[in-house]
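Using the numbering used here, the letters of the sequence shown correspond one by one to residues 1 to 131.
Quick caveat, the hints were computed from the structure, so don't treat them as lab data. Values in this document were obtained by computation on a predicted structure and should not be read as measured data. Each residue gets a CB set at the ideal place from its N, CA and C atoms; glycine is no exception. A couple of the hints might just be wrong.
Subject to a maximum C-alpha distance of 30 Å in a straight line, what follows is the list of computed BS3-like cross-link-like pairs (lysine-lysine) [as the list claims (entries may be wrong)]:
hint : residue 1 : residue 2
1    : Lys4      : Lys51
2    : Lys51     : Lys24
3    : Lys18     : Lys77
4    : Lys37     : Lys18
5    : Lys84     : Lys4
6    : Lys18     : Lys51
7    : Lys77     : Lys37
8    : Lys4      : Lys18
9    : Lys84     : Lys24
10   : Lys84     : Lys40
11   : Lys24     : Lys4
12   : Lys38     : Lys84
Simulated restraints, written as ranges between beta carbons of each label pair [as the list claims (entries may be wrong)]:
hint : residue 1 : residue 2 : range
13   : Pro32     : Pro123    : 31 to 37 Å
14   : Gln82     : Asp45     : 28 to 34 Å
15   : Asp45     : Gly23     : 20 to 26 Å
16   : Ser100    : Ser25     : 44 to 50 Å
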Amino acid sequence: MSWKDRLTDASFRGVNFKVETGGKSGGRRVAPHSFPKKDKGYAEDMGRRMKRFRVSGYIIGENYDQERDALEAALDKEGSGQLKLPTSAAVEVICDHWDSIETRTRGRVCEFEMMFIEAGESPSNEEEADT
Numbered sequence: 001m002s003w004k005d006r007l008t009d010a011s012f013r014g015v016n017f018k019v020e021t022g023g024k025s026g027g028r029r030v031a032p033h034s035f036p037k038k039d040k041g042y043a044e045d046m047g048r049r050m051k052r053f054r055v056s057g058y059i060i061g062e063n064y065d066q067e068r069d070a071l072e073a074a075l076d077k078e079g080s081g082q083l084k085l086p087t088s089a090a091v092e093v094i095c096d097h098w099d100s101i102e103t104r105t106r107g108r109v110c111e112f113e114m115m116f117i118e119a120g121e122s123p124s125n126e127e128e129a130d131t
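Start from the sequences and build out the full structure, keeping to the hints where you can.
See the structure below:
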């Protein structure tokens, strides 16, 4: 099966959209430590960064205005939601920021720039024995 056969539809919270470009970023959280009168310090690894997703997408068609409104509502909704992109597995994210643009010369189209942050898991509140 080729990569084209593995492509899926893009959606956020079940609202479909087309993708022009998509990217993600990650890495490690690093705390640099330096000391007076020392030429070398060290970098402390503080764990994995939360992944961020940048997506340029669009809505197109005769009902684009209704689909645009549905996507805007999904992006503004409180809490996390499932983001599905054509080339990667679904991930639970929170929409950090979005912009949309419509132009007079391109009817029936609304373009979106969307930023998502991996939702992750809340720290456990389990009680532990104090030894």
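The hints, checked one at a time:
no.	hint	in the structure
1	Lys4 - Lys51	holds, 25 Å
2	Lys51 - Lys24	holds, 7 Å
3	Lys18 - Lys77	holds, 20 Å
4	Lys37 - Lys18	violated, 56 Å
5	Lys84 - Lys4	holds, 16 Å
6	Lys18 - Lys51	holds, 21 Å
7	Lys77 - Lys37	violated, 52 Å
8	Lys4 - Lys18	holds, 15 Å
9	Lys84 - Lys24	holds, 13 Å
10	Lys84 - Lys40	violated, 44 Å
11	Lys24 - Lys4	holds, 20 Å
12	Lys38 - Lys84	violated, 48 Å
13	Pro32 - Pro123: 31 to 37 Å	violated, 25 Å
14	Gln82 - Asp45: 28 to 34 Å	holds, 30 Å
15	Asp45 - Gly23: 20 to 26 Å	holds, 24 Å
16	Ser100 - Ser25: 44 to 50 Å	violated, 22 Å
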